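2 protein chains.
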Amino acid sequence: MVQKQILLNAFSMNCVGHINHGLWTHPDDRSTRYVDLDYWTDLAKLLERGKFDGLFLADVLGAYDIYGGSLDIILKEAVQLPINDPLLVVPAMAAVTKHLGFGVTSNVMYEPPFLFARRMSTLDHLTKGRVAWNIVTGYLDSAARAMGLARQVAHDERYDLAEEYLELVYKLWEGSWADDAVVRDREGRVFARPDRIRKIAHAGKHFQLDSVHLSEPSPQRTPVLFQAGSSSRGQDFAATHAECVFISNQSPAGARDIVATLRDRVAHAGRRREDVKVFMGITVVVAPTDAEARDKYEEYRRYASPQAGLAHFASATGIDFSRFAPDEPITHVRNEAINSAVDAITRRETGWTVSRLLDQLALGGRYATVVGSPSTVADALQGWIRDTDLDGFNLTRTVTPQSFADFIDLVVPELQDRGAYKTEYAEGTLREKLFPGTGARLPDTHAAARQRYPHEATAGSPRAE
Amino acid sequence: MVQKQILLNAFSMNCVGHINHGLWTHPDDRSTRYVDLDYWTDLAKLLERGKFDGLFLADVLGAYDIYGGSLDIILKEAVQLPINDPLLVVPAMAAVTKHLGFGVTSNVMYEPPFLFARRMSTLDHLTKGRVAWNIVTGYLDSAARAMGLARQVAHDERYDLAEEYLELVYKLWEGSWADDAVVRDREGRVFARPDRIRKIAHAGKHFQLDSVHLSEPSPQRTPVLFQAGSSSRGQDFAATHAECVFISNQSPAGARDIVATLRDRVAHAGRRREDVKVFMGITVVVAPTDAEARDKYEEYRRYASPQAGLAHFASATGIDFSRFAPDEPITHVRNEAINSAVDAITRRETGWTVSRLLDQLALGGRYATVVGSPSTVADALQGWIRDTDLDGFNLTRTVTPQSFADFIDLVVPELQDRGAYKTEYAEGTLREKLFPGTGARLPDTHAAARQRYPHEATAGSPRAE
Numbered sequence: 003m004v005q006k007q008i009l010l011n012a013f014s015m016n017c018v019g020h021i022n023h024g025l026w027t028h029p030d031d032r033s034t035r036y037v038d039l040d041y042w043t044d045l046a047k048l049l050e051r052g053k054f055d056g057l058f059l060a061d062v063l064g065a066y067d068i069y070g071g072s073l074d075i076i077l078k079e080a081v082q083l084p085i086n087d088p089l090l091v092v093p094a095m096a097a098v099t100k101h102l103g104f105g106v107t108s109n110v111m112y113e114p115p116f117l118f119a120r121r122m123s124t125l126d127h128l129t130k131g132r133v134a135w136n137i138v139t140g141y142l143d144s145a146a147r148a149m150g151l152a153r154q155v156a157h158d159e160r161y162d163l164a165e166e167y168l169e170l171v172y173k174l175w176e177g178s179w180a181d182d183a184v185v186r187d188r189e190g191r192v193f194a195r196p197d198r199i200r201k202i203a204h205a206g207k208h209f210q211l212d213s214v215h216l217s218e219p220s221p222q223r224t225p226v227l228f229q230a231g232s233s234s235r236g237q238d239f240a241a242t243h244a245e246c247v248f249i250s251n252q253s254p255a256g257a258r259d260i261v262a263t264l265r266d267r268v269a270h271a272g273r274r275r276e277d278v279k280v281f282m283g284i285t286v287v288v289a290p291t292d293a294e295a296r297d298k299y300e301e302y303r304r305y306a307s308p309q310a311g312l313a314h315f316a317s318a319t320g321i322d323f324s325r326f327a328p329d330e331p332i333t334h335v336r337n338e339a340i341n342s343a344v345d346a347i348t349r350r351e352t353g354w355t356v357s358r359l360l361d362q363l364a365l366g367g368r369y370a371t372v373v374g375s376p377s378t379v380a381d382a383l384q385g386w387i388r389d390t391d392l393d394g395f396n397l398t399r400t401v402t403p404q405s406f407a408d409f410i411d412l413v414v415p416e417l418q419d420r421g422a423y424k425t426e427y428a429e430g431t432l433r434e435k436l437f438p439g440t441g442a443r444l445p446d447t448h449a450a451a452r453q454r455y456p457h458e459a460t461a462g463s464p465r466a467e
Numbered sequence: 003m004v005q006k007q008i009l010l011n012a013f014s015m016n017c018v019g020h021i022n023h024g025l026w027t028h029p030d031d032r033s034t035r036y037v038d039l040d041y042w043t044d045l046a047k048l049l050e051r052g053k054f055d056g057l058f059l060a061d062v063l064g065a066y067d068i069y070g071g072s073l074d075i076i077l078k079e080a081v082q083l084p085i086n087d088p089l090l091v092v093p094a095m096a097a098v099t100k101h102l103g104f105g106v107t108s109n110v111m112y113e114p115p116f117l118f119a120r121r122m123s124t125l126d127h128l129t130k131g132r133v134a135w136n137i138v139t140g141y142l143d144s145a146a147r148a149m150g151l152a153r154q155v156a157h158d159e160r161y162d163l164a165e166e167y168l169e170l171v172y173k174l175w176e177g178s179w180a181d182d183a184v185v186r187d188r189e190g191r192v193f194a195r196p197d198r199i200r201k202i203a204h205a206g207k208h209f210q211l212d213s214v215h216l217s218e219p220s221p222q223r224t225p226v227l228f229q230a231g232s233s234s235r236g237q238d239f240a241a242t243h244a245e246c247v248f249i250s251n252q253s254p255a256g257a258r259d260i261v262a263t264l265r266d267r268v269a270h271a272g273r274r275r276e277d278v279k280v281f282m283g284i285t286v287v288v289a290p291t292d293a294e295a296r297d298k299y300e301e302y303r304r305y306a307s308p309q310a311g312l313a314h315f316a317s318a319t320g321i322d323f324s325r326f327a328p329d330e331p332i333t334h335v336r337n338e339a340i341n342s343a344v345d346a347i348t349r350r351e352t353g354w355t356v357s358r359l360l361d362q363l364a365l366g367g368r369y370a371t372v373v374g375s376p377s378t379v380a381d382a383l384q385g386w387i388r389d390t391d392l393d394g395f396n397l398t399r400t401v402t403p404q405s406f407a408d409f410i411d412l413v414v415p416e417l418q419d420r421g422a423y424k425t426e427y428a429e430g431t432l433r434e435k436l437f438p439g440t441g442a443r444l445p446d447t448h449a450a451a452r453q454r455y456p457h458e459a460t461a462g463s464p465r466a467e
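Taken in sequence, the protein lines are chains E and G.
Residue numbers for the first sequence follow the numbering used here, so the first one is 3 and each next one is one higher.
Residue numbers for the second sequence follow the numbering used here, so the first one is 3 and each next one is one higher.
Everything labelled a hint here was simulated from the structure, so no lab data went into it.
Everything numeric in this text was worked out from a predicted model, so none of it was measured.
Hints may contain errors.
Repeated chains share a single entry, so a pair holds when one copy, or any two copies, can fit it.
[As the list claims (entries may be wrong)] Here are the computed lysine to any residue pairs in the SDA-like style, where the Cα-Cα straight-line distance is at most 20 angstroms: (1) Lys130 x Gln154; (2) Lys47 x Ala97; (3) Lys100 x Asp40; (4) Lys279 x Asp266; (5) Lys424 x Asp212; (6) Lys279 x Asp212; (7) Lys100 x Arg35; (8) Lys130 x Asp38; (9) Lys100 x Asp44; (10) Lys53 x Arg275; (11) Lys279 x Asp389; (12) Lys130 x Arg35; (13) Lys279 x Asp158; (14) Lys130 x Arg32; (15) Lys47 x Asp182; (16) Lys47 x Ile321; (17) Lys47 x Glu301; (18) Lys53 x Arg420; (19) Lys279 x Arg267; (20) Lys100 x Gly320; (21) Lys207 x Glu169; (22) Lys279 x Val185; (23) Lys130 x Thr378; (24) Lys100 x Arg452; (25) Lys47 x Val98; (26) Lys279 x Ser72; (27) Lys279 x Gln384; (28) Lys53 x Gln252; (29) Lys47 x His208.
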């Protein structure tokens, strides 16, 4: 039997501090150069050298203002603020690579779907089908206020809106232009056939639209769909829409449960269990030997900012940890969002305090963390894959780009030697690379397929749907 | 006295047919490759070789559905449909150039200002201050319907909204972060100083916002501001906000009147008359001799589509020309928008018919057109500059990129020999290149300056404005 190949995304963000906070102060760290194009083009070339499947770019539209009710530590440690637009770094990276995929995060609450659909079609054209969309609904009141709302829309209503948003962008991407609409016939003077293009008329609860899609069909039409919802409603959404799901957990048992539940829901939604690839966030510190790796971890940790990690976690949970004494048991009304955030970094059953959180969040703590030699790291990664039914990892950055370079120089060859990681990219779009043999377009079992341009020829004007 | 240097933008759009329609059918035309990154990076390198000041990218968010009430000719001839996002081609072009500026069009009616402000800050960072924004308010009901409205907002109300939009983005770009907010102090662990960053609280008629700007200050902060409004209200808006204005006219006398009126309004707004650079749209067909240029013009014209030009013009004016017989006098209730569109292509006083429009719109007709040898073209361009007080031109494409290459190979050296065109780029941002000696930021006399972060030190939390 062919060994399962580990999928791998680099996890980053168009900002200084992303997950492992404070490391921008390390002398070798280059994350403060996120405003420079060559920071991104160099990163893309590095990742393609390491045969990474993709670069996954997170995003957030608000500021983390929960901790102490201020932005003091957030700004001092550049905790996802300042933060620039993720889509705009992709074209320059695409120009210097051939295979690397690009996952970009965009929020359905705030980006107008008609304009967003054109942006993604444009990116899919420019990258020749290497783009993925991480669908988020947001969770910050500060983002809602930035967008002119008093507070954010309630959790389940956000998913109602997201469902309608997806229906609408599927209609634009899949249903407005027939596959044979664009003929580029110079001699016949027909660039596109009007009888093979139709307006999309959508009148829903949250959105209205009456237009053709502005972009001609791109290689993948709908970008590869990522999602990371951990709530029950979020998992249902993922089961219907997601092709890749991003999870976080500290224990193989916990991760295994999440993956199994998710695949059950995927099957329930009429799709194959393997139609969703599951990626887990992970932090890796690697060096030639275990001892050197531990030293490197301790050295990095000296530059880390646990306080910044706590301020970030405060906004993830909505809990202002500044109101607790260091060893005071944190009691707080739990809800699903808080529980999943807490599950991700620790065991819910054990008590937690600010002291314990600071220790946990100093370096790597938001995700599973592996420190060791190439062999130790490869053992751990293969163990996760074997024990949990995961498909791959979103690899966080620590000292950047050094931590990605270390992984590529040390871990990738080890995994390749073990037959657990590709030695060459497959040809084709990102979707074809992730799901070999299925083609550039979404499978017929996916919800988007219902919005496709009808197979039968249509007649008449493109003004009518 | 130093001779006035002619400023020059290439005028294009992320689509096939832009201004001179039908030329995509010419065997040498590459515009159908607009979906490929190297189409854009090659163009950028070409334009920088020609020392163009910028590439000016138009945009439109709706389809031209007035002519015959259908999209038939629009789709067959690819008249600005399909059309992809203009911002996303800029980063790849910036990565292969050092000096070329990039003007992108974005519509204040439909792009949320908080998100748009971050996009432009991101572009200004990535290009190191080479980005300009062409502010448009739109004019198509089809765009309004695409965005979920029954019809577009009325003309003057669009400008009211635009005024508030500008106030808001100025606050974000100029007023949220002090110049000395970002210190990047690794040893002191201060990336940004919280006491030098403030939230913007805006509660207006059209927009509300309560947030810090997400991006740290970029080289220009506010991008160079382009505007093309030709109505009286549009000219007032330009007089207040624009640094560069794009006009179109067929006659030196007409252009001179527009420029003089505009500069009067600029002075009335408390700015210097020269604080606005005026560019006129122009089409040039050049060859080594006048006779060869005329032959080339006639050859291009054989591939042109006057019908496509007329369908485009129908949406510009709102008049369905399909309802007129070829030689029937076109009588139509004129309004300001129609008059300015008509002025741009012909003399309003003379009668016009579909036959005359088709002849006029076949090639170059939407803008002044010059056909001739390098010497003839240079004479014409210098004549326009001398007679009208224009500062430069937006050069349309005909057969692309050939027409830009011809201009660069033939006209640019001629203008340089005459001392009328730069032989080297100036250093600095786009604003510093266009307005030597004034710095990267807007002058104090500009409306945006009122929104600047206060000079006096502020104390306290960034939560308060």
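Hint-by-hint comparison with the structure:
1. In the homo-oligomer, the alpha carbons of Lys130 and Gln154 never lie at most 20 angstroms apart, since the shortest distance is 36 angstroms inside one protomer and 35 angstroms across protomers.
2. Taking CA atoms no more than 20 angstroms apart as the test, Lys47 paired with Ala97 passes in both settings, with 10 angstroms inside one copy and 14 angstroms between copies.
3. In this assembly of identical chains, the alpha carbons of Lys100 and Asp40 lie at most 20 angstroms apart whether taken from the same copy (17 angstroms) or from different copies (13 angstroms).
4. In this assembly of identical chains, the alpha carbons of Lys279 and Asp266 lie at most 20 angstroms apart only when taken from the same copy (13 angstroms versus 63 angstroms across copies).
5. Proximity of Lys424 to Asp212 under the C-alpha cut-off of 20 angstroms is found in neither arrangement, the shortest distances being 45 angstroms within a copy and 48 angstroms between copies.
6. In this homomeric assembly, Lys279 and Asp212 never come within 20 angstroms of each other (Cα to Cα): the closest approach is 34 angstroms inside a single copy and 38 angstroms across copies.
7. In this assembly of identical chains, Lys100 and Arg35 lie within 20 angstroms of each other by CA distance solely across copies; the values are 18 angstroms between and 24 angstroms within a copy.
8. When the C-alpha separation of Lys130 and Asp38 is checked against a cutoff of 20 angstroms, the pair qualifies only between copies, where the shortest distance is 8 angstroms, while the shortest distance within a copy is 24 angstroms.
9. Taking identical chains as interchangeable, the C-alpha atoms of Lys100 and Asp44 lie at most 20 angstroms apart whether they share a chain (14 angstroms) or sit on different chains (17 angstroms).
10. Within a single copy, Lys53 and Arg275 get their C-alpha atoms no closer than 26 angstroms, and across copies no closer than 56 angstroms, so neither meets the 20 angstroms cut-off.
11. In this assembly of identical chains, Lys279 and Asp389 lie within 20 angstroms of each other by CA distance solely inside one copy; the values are 15 angstroms within and 66 angstroms between copies.
12. Only between protomers do Lys130 and Arg35 lie at most 20 angstroms apart by alpha-carbon distance; the minimum there is 12 angstroms, versus 27 angstroms within a single protomer.
13. Taking the closest pair of Cα atoms, Lys279 and Asp158 never come within 20 angstroms of each other, the shortest separation being 25 angstroms inside a single copy and 52 angstroms across copies.
14. In the homo-oligomer, the alpha carbons of Lys130 and Arg32 lie at most 20 angstroms apart only across protomers (18 angstroms), although the nearest pairing inside one protomer, at 29 angstroms, exceeds that limit.
15. Taking the shortest alpha-carbon separations for Lys47 and Asp182, neither the intra-copy value of 35 angstroms nor the inter-copy value of 34 angstroms comes in at or below 20 angstroms.
16. Neither within a single protomer nor between protomers do Lys47 and Ile321 lie at most 20 angstroms apart by alpha-carbon distance, with minima of 40 angstroms and 52 angstroms respectively.
17. Taking the closest pair of Cα atoms, Lys47 and Glu301 never come within 20 angstroms of each other, the shortest separation being 27 angstroms inside a single copy and 44 angstroms across copies.
18. For the homomeric pair Lys53 and Arg420, the shortest alpha-carbon distance inside one copy (15 angstroms) is at most 20 angstroms, but the shortest distance between copies (54 angstroms) is not.
19. Within a single copy, Lys279 and Arg267 get their C-alpha atoms as close as 13 angstroms, which meets the 20 angstroms cut-off; across copies the closest is 60 angstroms, which misses it.
20. For a Cα distance limit of 20 angstroms, the shortest separation of Lys100 from Gly320 qualifies neither inside one copy, at 41 angstroms, nor across copies, at 45 angstroms.
21. Within a single copy, Lys207 and Glu169 get their C-alpha atoms as close as 12 angstroms, which meets the 20 angstroms cut-off; across copies the closest is 32 angstroms, which misses it.
22. Taking identical chains as interchangeable, the C-alpha atoms of Lys279 and Val185 are never at most 20 angstroms apart, the minima being 35 angstroms within one chain and 42 angstroms between chains.
23. When the C-alpha separation of Lys130 and Thr378 is checked against a cutoff of 20 angstroms, the pair qualifies neither within a copy, at 37 angstroms, nor between copies, at 43 angstroms.
24. In the homo-oligomer, the alpha carbons of Lys100 and Arg452 never lie at most 20 angstroms apart, since the shortest distance is 31 angstroms inside one protomer and 47 angstroms across protomers.
25. In this homomeric assembly, Lys47 and Val98 come within 20 angstroms of each other (Cα to Cα) both inside a single copy, at 7 angstroms, and across copies, at 16 angstroms.
26. In this assembly of identical chains, Lys279 and Ser72 lie within 20 angstroms of each other by CA distance neither inside one copy nor across copies; the values are 38 angstroms within and 44 angstroms between.
27. Only within a single protomer do Lys279 and Gln384 lie at most 20 angstroms apart by alpha-carbon distance; the minimum there is 16 angstroms, versus 62 angstroms between protomers.
28. Proximity of Lys53 and Gln252 under a CA criterion of 20 angstroms is satisfied in neither setting, with 26 angstroms inside one chain copy and 56 angstroms between copies.
29. For the homomeric pair Lys47 and His208, neither the shortest alpha-carbon distance inside one copy (41 angstroms) nor that between copies (44 angstroms) is at most 20 angstroms.
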